[in-house]
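Number of protein chains: 2
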Amino acid sequence: MYHQLSKQSVIVQKYGGTSVESVEKIHKIAQRIARQYQSGMKKIVVVVSAMGKETNRLVGLTEALNDPIDAASYDMVVSAGEQVSAGLMAAALKQDNIPAKPFLAHQLAICTDSTHGSAQIKSINISKISECWQQGIIPVVAGFQGIDTLGELTTLGRGGSDTTAATLAAFLNADLCEINTDVEGVYSADPNRVKGARLLKVLDYQVAREMAILGSRVLHPRCVEIGAKYNIPIVVRDTFSQEQRDYTLVHSGVKQACKNNVQVTSLSVDKNIARVVLAGLTSKQMAELFDQFVKVGVNVDVIVHERVEEEERTQVSFSVSMLDQLKVLTILERTKLQPGYSVFNFVIEYELAKVSVIGSGLLAQSAITAQLLQTLEQADIEVYMLSSSEVKISCLVLKEEATIACQLLHDDLIKGRSNKRVIRAVAS
Amino acid sequence: MYHQLSKQSVIVQKYGGTSVESVEKIHKIAQRIARQYQSGMKKIVVVVSAMGKETNRLVGLTEALNDPIDAASYDMVVSAGEQVSAGLMAAALKQDNIPAKPFLAHQLAICTDSTHGSAQIKSINISKISECWQQGIIPVVAGFQGIDTLGELTTLGRGGSDTTAATLAAFLNADLCEINTDVEGVYSADPNRVKGARLLKVLDYQVAREMAILGSRVLHPRCVEIGAKYNIPIVVRDTFSQEQRDYTLVHSGVKQACKNNVQVTSLSVDKNIARVVLAGLTSKQMAELFDQFVKVGVNVDVIVHERVEEEERTQVSFSVSMLDQLKVLTILERTKLQPGYSVFNFVIEYELAKVSVIGSGLLAQSAITAQLLQTLEQADIEVYMLSSSEVKISCLVLKEEATIACQLLHDDLIKGRSNKRVIRAVAS
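Going down the list, the sequences are from chains A and B.
For the first sequence, UniProt numbering assigns the number 1 to the initial residue and increments by one for each residue that follows.
For the second sequence, UniProt numbering assigns the number 1 to the initial residue and increments by one for each residue that follows.
No lab work stands behind these hints: they were computed from the structure.
Worth double-checking, as some hints may not be accurate.
You can't tell identical chains apart in this list, so a pair holds if it fits in one copy or across any two.
[Unchecked claim] Taking lysine-lysine and the DSSO-like style, the derived pairs with C-alpha atoms no more than 30 Å apart in a straight line are:
id, residue 1, residue 2
1, Lys195, Lys128
2, Lys53, Lys25
3, Lys7, Lys25
4, Lys28, Lys53
5, Lys295, Lys271
6, Lys122, Lys295
7, Lys229, Lys122
8, Lys336, Lys229
9, Lys42, Lys336
10, Lys53, Lys7
11, Lys295, Lys43
Please work from the sequences and hints to get the whole structure.
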């Protein structure tokens, strides 16, 4: 990627919380930017997160109040951390003789809708960025924050600074959006848990997005979605690694290379899963129930659907995050008491985990699903549910068996084997 | 004061750092405001400081960078604390069912000049406050911050939130500006050091301002100046004391009461003083030297001036804060080396303290000065310098004798005696 950049390239650089957790680290980052600036790369925008655990501290303050805090006040409190980082980063750059200017959301007119806590950016006035560049100034933008049409502060939700960076990159038609973080890039599985997990050098947007949704904490789904929509290459790299060493590049060039090919890219595990089994509902009742889940923000995943013909009723199982299971239980218990639900029944099972295989062209190749089931069966690991799509196959297993399941699947589907060999093994 | 207020009264309430140092305390304050609101007082504006030592923590971050930080970045970093307090206070009010809205400087167009770090407020758009009140909403304003004409963040310097409150009160033509703090009000001397120090129930603006300048940490000079200029009554009170109990009222009504009367109100002590004695300078050279002091921000105080006739040269002594003495020394040493300064000489004396008697009509009554000198002489305390004005008499004594000097002067000039008796004692 980096060899394609010129002095005229527009680069948005986002630095995450651990990267700016101390003044020393901020200074180190300033030195990196100064080197780039002095080498002639002057069209840089810096986006910063809050220092280390600062946002958590601020969230803690809001939680210490008696009741849940209102969304507008919440946004005002939790967005303060990025302001501090922006001021410090601009100051550090100036100390290295690089002209720099800190910007808050309202100063760049980072306009969002009014969904406090998870607002979406609608527009950014990039003329101020251009003005900075014309004067040789590096703009340093406080991430995570925006303003709505009333001029009220909003925040962009989890991974908000990544979203700020990607959106700025989109509006600037940037050549690169760098996500500088505390790991070298995106891995094929969690390297702390899975032996042989390896750094993924390139990813296409769709796979990267799926990995982000499934909880890879490195990239955030919206950042990837914006990158995909505006075709902005995204690099995930270690803030303090040597220049142009290891990193993950997310761009649109990958897909072409493995067109019509099955490509298993990575594995992810979520150990906080419950399974809900519902029986004795009509289709209409089922639809009403799921509508209620949506309304309280429950994310229903891995749905398996079975029609019991003679009763004209449906049996459905689905997985939910343990964070949501109490909401689900409340709704189910309330439903059961209503007239017309006499034959309705439900079971919730706990201590489950969701292991997901992520890649491209997975639906077209049922051999991968077969291989997955075979691998787990050989290890005597029961699969409670399974669902697959073009980009992922997710299965529910016992929580205590998740790590070994992940290791086995990584060994079989990713590590050191070409996809062709995997497929052959299944076919034989 | 409080019995004069009606439901239509406009009140600006400022809460200081120790008052909002925890979420619990913020909640307590919200409950106070809620009681007032429910009793019908709805034209309230709340101004908040940063929580506890938060601004110090932020200043510490700026100081941790290698070199002094640029002023604009500094302001962006150190103003973040008030934003957090404003959000939390608005949230706490809402939890008590009081409609509230947090405001940052740019949202109220608190416009200042561009003197980062000690900007002066030029204007505030109070229409947003009126709009809030029309809807029954309490505005909660982040103190200490402003924006300049370029839209850049500025801060108002030491005591900045008091300045925000007083200026808002001025623009709103408020009936009262409350400074809610961690002491019951302004005392006749530091109650931790001087026995018999008492709460001053009323003060006129001039005396209050002089006390603020001389280092009473409760009120800040600019806040008092704004109050005086726009004739806004200021109340200093303990945030968590019972309503309408003890407090200090600063207003213009006091002066009338003691017109033509000597009124010794309080004593203050500054233990970080050096005395500088200059000899062998022409008037022109002296003026140039003082001009240099001004340029580097040295505050020269208590000047005593002696003309040595035969030489057409002047001897001058003055006191400076120990914080400034190094700057003074540097300038004096550099000056001594210049041509035309061969007979110039200087001495700097350390370990001194400045004890000041503050009151009204002091110049008219030299008896107070006489009493002061007599009291100190009887206790064998040498007075190194003395200067007096309408509102204060300051004298330099040895640092080690400052506390006893203060106690003796408090006993003689303030405690339990009418001014008349003091004067008689001197006259006899």
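Quick rundown of the hints versus the structure:
1. In this assembly of identical chains, the alpha carbons of Lys195 and Lys128 never lie at most 30 Å apart, being 48 Å within a copy and 60 Å across copies at closest.
2. When the C-alpha separation of Lys53 and Lys25 is checked against a cutoff of 30 Å, the pair qualifies both within a copy, at 14 Å, and between copies, at 24 Å.
3. Taking the shortest Cα distances, Lys7 and Lys25 sit within 30 Å of each other inside one copy (26 Å), while across copies they are farther apart (54 Å).
4. For the homomeric pair Lys28 and Lys53, the shortest alpha-carbon distances inside one copy (19 Å) and between copies (27 Å) are both at most 30 Å.
5. Only within a single protomer do Lys295 and Lys271 lie at most 30 Å apart by alpha-carbon distance; the minimum there is 25 Å, versus 65 Å between protomers.
6. Taking the shortest alpha-carbon separations for Lys122 and Lys295, only the intra-copy value of 24 Å comes in at or below 30 Å, while the best inter-copy value is 48 Å.
7. When the C-alpha separation of Lys229 and Lys122 is checked against a cutoff of 30 Å, the pair qualifies only within one copy, where the shortest distance is 14 Å, while the shortest distance between copies is 45 Å.
8. Taking identical chains as interchangeable, the C-alpha atoms of Lys336 and Lys229 are never at most 30 Å apart, the minima being 44 Å within one chain and 70 Å between chains.
9. With identical chains, the CA atoms of Lys42 and Lys336 are never at most 30 Å apart, being 64 Å at best within one copy and 48 Å at best between copies.
10. Within a single copy, Lys53 and Lys7 get their C-alpha atoms no closer than 35 Å, and across copies no closer than 45 Å, so neither meets the 30 Å cut-off.
11. In this assembly of identical chains, the alpha carbons of Lys295 and Lys43 never lie at most 30 Å apart, being 44 Å within a copy and 38 Å across copies at closest.
Violation of the numbered hints given earlier is confined to hints 1, 8, 9, 10, 11; the remaining hints are satisfied by the structure.
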